[in-house]
Amino acid sequence: MVKKPTLKYAGDQGLLVEFGDKIDVKLNDEVRNLTFQLDQSKEEWIIDLVPSYKSLLVIFNPTLATRKYIENYILELAIDLGETSESTDRVIKIPTLYGADFGMDLEFVASNSNLTTKEVISLHSEPNYRVYMIGFAPGFPYLGGLNKKLSTPRLDTPRIKIPSGSVGIAESQTGIYPNDSPGGWQLIGRTPLSLFDTNREQPSLLVAGDYIKFEPLESLEEYSDIKADIESNNYKLEINQLDNRENSQSDRHE
Amino acid sequence: MNEKSITILEPGLLSSIQDTGRYGFQRYGVPVSGAMDNFALRAANVLVGNKMNAACIEMTVLGPSIKFNYPSLISITGGDLSIKLDGQKVDRWSAIQVETGSILTSDGIQDGMRAYLAINGGINVPIIMGSRSTYIPAGFGGYKGRPLMGGDTLLVGEPNPTTKHEERTLPEDLEPVHYGHSHIIRVVLGPQNTNFTSAAVNTFFDSRYIVSNNCDRAGYRLNGPTLQHETSADIISDGTQIGSIQVPADGNPIILMSDRGPTGGYAKIGTVISTDLGLIAQSRPEDNLVFRQVSVKEAEAAFFEQESILYSIDPTLFKNASNKVKSALSETSSSLSPYIYEDLKKVQRNATVKIKGKTFTFGISIESN
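First to last, the sequence lines map onto chains E and D. So the first sequence is numbered by the working numbering: it starts at 152 and just counts up by one. So the second sequence is numbered by the working numbering: it starts at 21 and just counts up by one.
None of these hints come from the bench; they were simulated from the model. Take these hints with a grain of salt, some might be off.
Claimed, not checked - In the EDC-like style, the derived pairs of lysine to aspartate or glutamate whose C-alpha atoms are separated by at most 16 Å in a straight line are:
| id | chain 1 | residue 1 | chain 2 | residue 2 |
| --- | --- | --- | --- | --- |
| 1 | E | LYS387 | E | GLU373 |
| 2 | D | LYS344 | E | GLU195 |
| 3 | E | LYS364 | E | GLU277 |
| 4 | E | LYS378 | E | GLU389 |
| 5 | E | LYS173 | D | ASP254 |
| 6 | E | LYS219 | D | GLU318 |
| 7 | E | LYS269 | E | GLU369 |
| 8 | E | LYS300 | E | GLU258 |
| 9 | D | LYS24 | D | GLU178 |
| 10 | E | LYS364 | E | ASP240 |
| 11 | D | LYS317 | E | GLU222 |
| 12 | E | LYS159 | E | ASP172 |
| 13 | E | LYS159 | E | GLU169 |
| 14 | D | LYS344 | E | GLU194 |
| 15 | D | LYS164 | E | ASP348 |
When you get a sec, could you build the whole thing from the sequences and use the hints?
The following block contains the structure:
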């Protein structure tokens with residue numbers, strides 16, 4: 152039996168469904184399951200669902216159902232989430248070329264952590280990172296599970312332009328820039344994958360609840376080959392099933 | 021030219037194609053975009069017989085010059101940008117017949133901030149992720165993902181042949197809203213009001229805030245008394261709603277608007293009610309805002325009251341409306357009393373509309389003098 156979530160007003164056409172107040176895989180699973188259930192319900196008053204770490208923002212059309220109906224519907228669905236969860240945990244491989252021109256801050260991250268660059272690459276590419284949510288910018292994943300040893304402060308002065316696909320570290324977070332953008336993260340590598348592309352039917356590569364695993368590339372040639380395959384539509388994304396969720400990562404951001 | 025199209029001669033200050041917004045992709049980090057003054061856009065569409073979510077041109081401060089390449093039916097709603105058709109000032113909030121070669125111009129802002137041009141048939145640009153709205157920062161949607169420029173030719177969809185323009189105007193006793201420079205904005209508390217001291221909540225509703233120069237389609241930053249957090253300004257990032265009033269650690273409120281990021285990490289003291297979002301969209305730097313707390317019930321009543329305007333323009337909408345709308349409209353009354361603040365003396369809420377024997381109020385217009 153799951154504890155009832157709390158409903159909070161986000162104006163007259165939004166309800167924030169909160170499952171707790173911390174960053175936690177279990178809470179995030181509940182958010183993901185409720186999102187899935189509401190998607191499946193095809194209730195016509197649902198305009199949009201915005202899942203985040205531990206809450207779901209439901210935006211609704213007040214001309215198609217009463218507030219009472221909507222609130223009851225959400226609460227009743229939320230109680231039954233446990234058994235009905237969608238249990239496919241995808242692990243998406245993110246081929247990444249670490250260091251050199253693509254990861255100009257790799258040396259800094261290494262010296263800041265008292266590690267060799269090789270150790271940084273090994274620690275960074277080891278975990279399955281949970282995609283808690285996507286936000287901030289189109290396709291930008293909020294990832295959980297960075298090894299605490301790799302925690303590095305942001306740049307004092309953000310860079311004007313960070314190329315899309317750049318993999319970076321900021322404090323205890325790691326992430327990938329989906330588009331060229333300004334930013335202050337320490338850059339350690341780059342992936343040839345496109346995280347967001349409006350030409351695709353599903354523009355976002357990742358969905359909240361996915362896991363990703365960085366796969367170190369050996370050389371620039373390998374990076375360029377993958378990039379060429381992507382551009383000619385010959386690249387096959389490597390997706391595995393998560394086999395051991397408990398060990399995959401268990402970070403609890405304090 | 022045989023094709024139904026219009027040509028942009030001069031772009032104006034910031035003109036872009038918008039509809040009611042891009043929903044369904046916020047979970048992938050894609051902003052909603054869409055009209056800043058959603059009500060004005062929908063009214064413009066109803067006036068020319070379009071579906072409410074058809075794509076229009078949102079004009080800002082100074083409108084574009086546009087040549088019509090075929091005879092069409094248009095409407096202009098929202099702020100007063102001194103829009104003229106072949107040199108003659110046009111009636112706003114009304115359907116207007118234009119001929120091949122007619123030219124629309126703007127002399128610039130008189131009242132409000134943004135105006136909407138609807139054309140019978142809707143602007144026909146590709147649908148990206150379910151919407152024709154332009155999201156300029158990432159360069160997608162609308163026309164080539166950017167603001168309109170001189171020389172752009174825009175195709176228009178198949179017109180609704182049943183629209184009779186003489187029937188499409190505001191009812192006689194209803195006047196276009198005058199926005200002015202002082203606005204009372206109704207707000208529902210939450211979702212993170214408990215992150216603030218109770219003194220801060222009181223201050224927020226007691227004070228006058230000034231719209232700063234930092235206001236655009238993503239959000240409006242306000243100047244005024246700063247708001248203290250009881251706990252922290254930072255929250256675990258969650259979803260943002262249009263009208264969310266977030267307050268970073270510096271204590272200055274920011275009202276999030278159409279191009280906001282779908283998630284954010286600052287505590288939100290309240291949310292502007294959907295009916296009053298248009299007033300934010302129509303306010304400009306130096307304008308005064310006073311916030312008034314209302315319940316969600318009051319907010320919903322205000323919403324249906326405003327919706328009734330659309331139903332008064334096109335009674336067939338009412339025939340096809342959901343039962344919820346029908347019952348809400350029959351319950352709505354215009355008996356809401358005017359809100360009077362000491363420093364906002366003249367409160368004008370007397371424009372009314374009759375529908376199904378009931379009287380409704382149109383818009384809220386407040387002048388300080």
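**Message:** Flag every earlier hint the structure violates by its number, smallest first.
**Reply:** Violated: none.
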